[in-house]
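Asker: Spelled out from the first residue to the last, the chains are:
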Amino acid sequence: MSAVRRSRVIAARLLSSNFSPTDGPLVREGLWRRVWPFVLAGLAARAMLWLPGSDVTDRTAVYVAAGCTLALVAVTVFTPWRRLPVWTQGLVPMAFLGVIALLREGTGGVGGYSVLVMLPVLWIALYGTLWQMVTTIFLAASVFVVPILALGGPTYPASGLGRILLWPITAAIVGGTTYRLVAAERARTALVSSVLSAATQQSIIATNPDGLITVFNTGAERMFGYSAKEMIGVSTPVVLHDQDEVAERAAELGVEPGFDVFSVRARQGEADTQEWTYVRRDGSRLQVSLSVTPIHDDTGELRGFIKIGTDVTERRASERLKDDFVALVSHELRTPLSSIIGYLEVIFDDDTGPLTPRQRQFLEVVDRNARRQLRLVSDLLFVSQVDAGRVRLDIDEVDLTALAKASIEAAQPRAKAAGVTLQLRADDATMLLGDADRLGQIFDNLLTNAIKFSPAGGQVDVRLSSTVDAVEVEVSDSGIGIAEVDQQRLFTRFFRAATATDRAIPGIGLGLTIVKAIVDAHRGTVSVTSVEGRGTTFTVSLPRSGAAGPTP
Amino acid sequence: MAIVLVADDDPDIRELVIFKLKQAGHDVVGVADGPSAVNIAREVVPDVAIIDVTMPGLSGLGVCAALREDETTARIPVVLLSARARPGDRQSGLRAGAAAYVTKPFSPRELVERVESLLAAG
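Which chain is which? The protein sequence lines are V and C, in order.
Heads up: the first sequence begins at 1 in my numbering, then just goes up one per residue.
Heads up: the second sequence begins at 1001 in my numbering, then just goes up one per residue.
Okay, chain V solo, but in the shape it has when bound:
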């Protein structure tokens, strides 16, 4: 392993320790790492005695202190801490207070050693419990107070009781403040880590800016079959992916097929949610919807990325199943209709044995109903395609006026039967790029509604007007109108306005959903204005190059 890589691994481990769950206030690991400052301080204090200017008043006390320090080091190193309760570790710094007391005793209460009480206090503040903190402050006070009470003030000319008490008071303030900060930090860490491990259905992976994994939560372990231990500080998330897909997207983005594939868009501050194929440890594949968010610190510097993934394999599979089902059903429903409509045409065209007017009239009813059912099947199929986000358009130069004329002509018989007049007003610049069949469907559906909801003697106006970039279509009727509360939900699938259901006007509530889907696919807009009892106007605005324009 190269030095650079090794240092990156260490950096990642240090970073990740912020998030790793704690076992309690005092973790068993790394006791020696935490204790060595005190041991070192003890040894340094001892060494000071050999420097000139040191004033040893009681040699025995100093020797005992030296012995105690050595014993403390031995205890720290050789005690099987792992087998003992965690709180026992707090005894080491407490015992160190005894060493300090002996040192002060042996040097006539010199202030220089008094500062050492801060070390055990800090140690407990960092790693200990609240009770140990209180005990340590009390012990620190004893270091100063007990000798005075036991031996009397005059033995320590440099410090009276009042002055000496400043030390434990300062220690209490420093220790208390530190303890409070550490406890807050610990609570925050515990919250973060409990959130991370609670999210068992989501994979949460954090990385440093280079992509090295710093967090690998329970959800990620479950989803991919790798443990946090083998991923954190070792790997980048790239190894979890389908490599061909990574290479493909890298080529699309114009970056190296590595971690950049995931971070390049998040780095630019764009929200990035995409679906990716992952490969589990056992080689099985899964589809994951993945959101990548950059992590910035207070100074705005990039600290890494968080990738949150949701397994969508099953959802995708069931969507495919639904697609296949809808396609099959629509095929099975269309086939018999093909025969019915086809044979009817042959009968109508057959001049060898002409039909009686009544026979012809009845067969026209059959034909009309078969076509109605066919339209319903096509509408359902289209809606399911919209759901799947798979509306495909055959884009060509289209004249909306011609489409409007064709739709009006087709609707004329129904309008006549309902006693409704249809009128078209159009200017001559109504060409645009779009799918002629689908755009025709907009007119069909809007006209069907307008006729259906108009009273006998009513009028339906179709107006086409154009601007430089867009063509606007207005279909107005003088019908029953739509209540304001219903206007919001008008384009929702299967929704039917109260004015329609109250009058038992037939329909299933797909027409406007389809209009909206087609308009959306052409990047246009559709809106409605209506007054109940007076009439309704639908306005569709279609950009001339909309459907062919760039994907937003």
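I should point out that these hints are in silico values taken from the structure, not numbers from a laboratory.
Worth double-checking, as some hints may not be accurate.
Said to hold, decoys possible - Computed, partial: chain C to chain V, Cβ under 7 Å: (1) D1012; (2) I1013; (3) R1014; (4) L1016; (5) A1083; (6) S1092; (7) R1095; (8) P1105; (9) P1108.
What the hints assert, rightly or not - Ranges between beta-carbon positions, derived for each pair: (10) V:T356 with C:G1057: 43 to 51 Å; (11) C:D1070 with V:Q359: 42 to 50 Å; (12) C:D1070 with V:T421: 56 to 64 Å; (13) V:R503 with C:D1027: 55 to 63 Å; (14) C:D1070 with V:I395: 31 to 39 Å; (15) C:G1057 with V:D242: 31 to 39 Å; (16) C:G1057 with V:Q359: 34 to 42 Å; (17) C:R1109 with V:L253: 48 to 56 Å; (18) V:L363 with C:G1057: 34 to 42 Å.
Just so you know, even glycine gets a beta-carbon here, dropped at the ideal spot from N, CA and C.
Got chain V; can you put chain C on it based on the hints?
Answerer: Only chain C this time, still in chain V's reference frame:
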């Protein structure tokens, strides 16, 4: 007058198309599955083939591709018939080499007109 091959596993649709083509004065051979469509096409080399997409044995797209591969049948214009209306179906039909793609339900009259315009062009 021309020879037309009609392949559709739905007998009602097959008979309908055959009836209209015969009425228009053409010779018609009808088959009900993909492999027979390919075999008959090689044997009689029709002037036009009308082939359903969803057929047992070999799909209409498969038949289309098989006809393109064989030199004797490569020039036969194919009209694909389909009740499948999913996006991309038409494109894949035309990619397979079909001259026209007609979705069911269709107007038999218009289908015959389509066939005749293909015959006139060929």
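Asker: A separate judgement is required for each hint: does it hold in the structure or not?
Answerer: We went through each hint and held it up to the structure:
1. D1012: Since the shortest Cβ distance to chain V is 4 Å, the answer is holds.
2. I1013: Where the cut-off is 7 Å and the nearest Cβ of chain V is about 6 Å from C:I1013, the hint holds.
3. R1014: With a closest approach of 10 Å, the C:R1014 hint is violated.
4. L1016: holds, 5 Å
5. A1083: The hint holds - C:A1083 has a Cβ within 7 Å of chain V, the shortest such distance being about 4 Å.
6. S1092: violated, 12 Å
7. R1095: Given a least distance of 14 Å, the restraint on C:R1095 is violated.
8. P1105: holds, 4 Å
9. P1108: holds, 5 Å
10. V:T356 with C:G1057: 43 to 51 Å: For C:G1057 against V:T356, whose Cβ atoms are near 44 Å apart, the range 43 to 51 Å holds.
11. C:D1070 with V:Q359: 42 to 50 Å: holds, 48 Å
12. C:D1070 with V:T421: 56 to 64 Å: holds, 59 Å
13. V:R503 with C:D1027: 55 to 63 Å: holds, 56 Å
14. C:D1070 with V:I395: 31 to 39 Å: With a Cβ separation near 35 Å, C:D1070 and V:I395 satisfy 31 to 39 Å, so the hint holds.
15. C:G1057 with V:D242: 31 to 39 Å: This hint holds: roughly 35 Å between Cβ atoms.
16. C:G1057 with V:Q359: 34 to 42 Å: Cβ of C:G1057 to Cβ of V:Q359: about 40 Å, so the range 34 to 42 Å holds.
17. C:R1109 with V:L253: 48 to 56 Å: holds, 53 Å
18. V:L363 with C:G1057: 34 to 42 Å: holds, 36 Å
In summary, the numbered hints that this structure violates are 3, 6 and 7.
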